[in-house]
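Chains as they are written, first to last, in our numbering: chain U, 2 to 134; chain E, 2 to 134.
Treat the hints with care, since some could be wrong.
With a Cα cut of at most 30 Å, we get these calculated DSSO-like pairs of lysine-lysine [claimed, not checked]:
1. U:K44 / E:K44
2. U:K113 / E:K44
3. U:K117 / E:K117
No lab work stands behind these hints, which were simulated from the structure alone.
As a plain string of letters, each chain reads:
There are 2 protein chains.
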Amino acid sequence: MNTTPIERWHQIVQTRDLPGLERLLADNVVFESPVVHTPQAGKPITTQYLRAALHILVNDSFRYLREWHGLNSAVLEFETICEGILINGVDVITWNTEQQITHFKVMVRPLKAVNKLHELMARLLQESARLGS
Amino acid sequence: MNTTPIERWHQIVQTRDLPGLERLLADNVVFESPVVHTPQAGKPITTQYLRAALHILVNDSFRYLREWHGLNSAVLEFETICEGILINGVDVITWNTEQQITHFKVMVRPLKAVNKLHELMARLLQESARLGS
């Protein structure tokens, strides 16, 4: 595996490679949402949140703008439009020595975007729960 | 001036050096808030927002957690507690070849923190306007 976790993340965003997402996440990965304070711990819940985020955010208007790289972490700034609301955000991604993501934090601005994302995530996660998927 | 804009920013945060803040900002600096979409252009309004942000966010609980550096930009992650609400955020700072800040963007999470910051910023800016300062 010669690609970095960030290169693999970009591939997953482009191709919606959900099995690839499973492989990229460490078992003890933690997800921190732009909406809720409490960290979500573990691969199943993190996968659920990231799948929902990809579904909601990654449309034709989605694009990554800038990146900043550290030794085992990076910040990716993105922009997208959801239901007419411009969402500007960052993914703050940390990985371990096995090149698996251990921490995935998202922040978005402005306030309207946080509220829109909250609404869309709640709707999608409720729908998923109702369908048992 | 051998220090980088980020080192100078840290000094300003630590010492509340407001004249230093004036010198660090380019005349055409743009501020983008975690609350409002519209960018705020120019040194006077950016100075006003950053002074207010320093006043509100930088208390005994404030600390910078991590940094990511690019060639002419950096991301600084911070954490603070304001009126009992934990605020986790990033400063995304860009500078020009004269080592002056040209763009200062802030995002915070979670939703409660965006709302608290909105409330505190509005209160402070109204108070400043009323006092004519």
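Hint by hint, here is what the structure shows:
1. Pair hint K44 (chain U) plus K44 (chain E) does not hold up; C-alpha atoms about 45 Å apart against a cutoff of 30 Å.
2. For the proposed pair K113 (chain U) and K44 (chain E), the alpha carbon gap of about 26 Å is at most 30 Å, so the pair holds.
3. With a CA separation close to 18 Å, the supplied pair K117 (chain U) and K117 (chain E) stays within the 30 Å bound.
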